[in-house]
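Visitor: One letter stands for each residue in the lines below.
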Amino acid sequence: MTDGRQESSPPPPTERRPAITLEGIAGSPGLAVGRAVVVDTRRPGVARHRVAKHRVDEEMVRFDEAVQLAAKGLHDVASNVRTSSIRAELSILEAYIMMVQDPSLRDDVERHVRIDRQCAEWAVDTALHEMAEHLRAGIDPYLAERSHDFEFVGDRIIRALTGRQRALSLPELGEPSILIAHDLSPAETAGLSKKTVLAMVTEVGTRTSHTAILSRALELPAVVGVRDILSTVANGDLVFVDALRGRVTLNPSAEMLERGEARVERYAAVGRKLRESRDRPAVTRCGVPISLKANIELPSEAGIALELGAQGVGLYRTEFLYVNRDEPPGEDGQYAIYKRVLETITPLPVTLRTFDIGGDKFVSAFQAPPEMNPALGLRAVRLALARPELFLAQLRAMVRASAHGPLSIMIPMISSVRELRSVRALVEQAIREVDEAGHAHAEHVPLGIMVEVPSAAVMAEELAREAEFMSIGTNDLVQYSLAVDRSSRELAYIASPFDPAILRLIRGVVTAAQRHQRPVAVCGAMASDPLASTLLVGMGLRELSMEASAIPAVKEAIRRVNLANAEAVAAEAMQQLAADEAEKVVADAFAPLLADVLDAEFSAA
Amino acid sequence: MNEAKGTFTVKNRLGLHARAASKLVQLASSFPCEVVLSHGGQAANAKSVMGVLLLCGSKGTELQVEASGDCAEEAVERIGELINDRFGEPE
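Chains as they are written, first to last, in the numbering used here: chain P, -7 to 597; chain Z, 1218 to 1308.
Take the hints with a grain of salt, since some may be wrong.
Here are the simulated SDA-like cross-link-like pairs (lysine to any residue), alpha carbons at most 25 Å apart as the crow flies [stated by the list, open to error]: (1) Z/Lys1276 to P/Arg374; (2) Z/Lys1240 to P/Leu300; (3) Z/Lys1240 to P/Lys186; (4) P/Lys186 to P/Leu300; (5) Z/Lys1240 to P/Gln60; (6) P/Lys265 to P/Ser245.
Note that these hints are calculated values from the structure, not bench results. Computed from a predicted model, the values in this text were never measured in an experiment.
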């Protein structure tokens, strides 16, 4: 353990050390400047001495007391985490509490103490080491992964035995600091407090790892996946953490530091304002309500979306159910997941989108031959219609979930009326099959489409007759209409949603939907940009769906704008002949009004 | 002394993983009798999460449940139901 190092005062940073910026992944948004505290999350050294025969009973009493302490510490961590959105992550803490008090573990420890005369620390280490080895030797990779849990449990008890029985294996943080570690377990992350931790940085992890999800729930800025930072950073180093862009700067220059501190201050001020806006209604300045919904991908994001003020889920992506698995998900499994999302969001509505992936990313059993251009290939609704048995299983699961709250089904990548009709026939078949199986469902399940293929935008009038709602996916609409690959950096300048052709297509879809009294929304990245959202409202949109984290900023923008103004600006923007000119019209009109909301901090968050 | 036993096949996809093992242990712990799980020559106390995890019961494993003491029969029956119900998991 590095306790000795941490107690000594941090060395003053020398002026000459060069600034180093390391790239990682923004795990939880925020900015912070502070001193690094490097946490060694490896296991502490374990005392090894033999106990005399007459002290054996005493040693077991020490063990039992340590178990109680460790269990209490974990209980404390669990009760500190009250946010409902991370209840799922808490189940692992409960499993740890059971494991710490496990009777088999106690039997093994007792054997090592009584027969081998090992001290309690040593006996715990031996027992857990044997168990972890046993799991690792097995053939099941999932169980092998659990050996880490065993090591964590042993660590808790050993720390309790040695008097380091804090709730966490983290050092005492005297002043608020930047925590830097190879990795933090969910239990360790859950125990962090905003009072002592300004931000955290880890070498491993992804946006969807437990650690990142927990840090978002705790509103702690986090950059994860920063490779090799431990070999570069030292305790006491000054660190600027940019968890909006996923960057960490060590030893920033005086000028960088000044800029960084100013950004931290601005971010905090705007953040306070936006949090206040969370519970305010999403209406324009003149009182026209605009429905702001969330795009989500994981069931656990549903609770977070509600906390950020979402008025429902406008786009639930189901792709994650299909990737990285050996066999396609079954109807029952999908139903359980959809039901969970519905139950979290109800009485607000949820729009489930059927799978939007190509054969290339699909489960191995259905792998299609590789295509030259997957974006134009067998994907989304095309794949669904080519594999009706797979699609029907998803539709039945969705129909069944409609018993648990207001639910709509949305079909991605529709390019013709004929496709929509084929889908409708399958939805009707799915409803019959659900009835035959005796499952409950809502009386009516609305069926709508994504408008993201140019042909669908052109045929919006005809599609609006038959689709019960429409949602414009601006990202794909831009890619397909302007013939620019979404991932091309060199051509990114062409791929603007402000392009006059795109605005005209959007306008056409909105007009068609209005004529047939169909709800119409925008669910692409355009909806999450505060400036673009004012343009969309001016073009007639009354529903926007976006990443949940963008909702407070977009809501604030909409609350400051008058509908009549927005309409006038939109009309002028639509007359421009180039994307940058259209964007300039909107920016000239509204950017001064939205200066704080448009600050770089928020476009990145 | 009451004794009861039964053999059940693990059906859920992930097998006896941490959450399933926790459920089984919580259920077994609610009975006063002793409950032992075994398969492939290995045995574990059904009231120990770690013991149950160490059985490495993956999908398809035939698990023997033996109970002795008060409520032995009920314990075996209820544990069998939990295993057959895939530990309440969808697949």
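Visitor: Just pull the numbers of the violated hints for me, sorted ascending.
Guide: When the structure is compared with the hints, numbers 1, 2, 3, 6 turn out to be violated.
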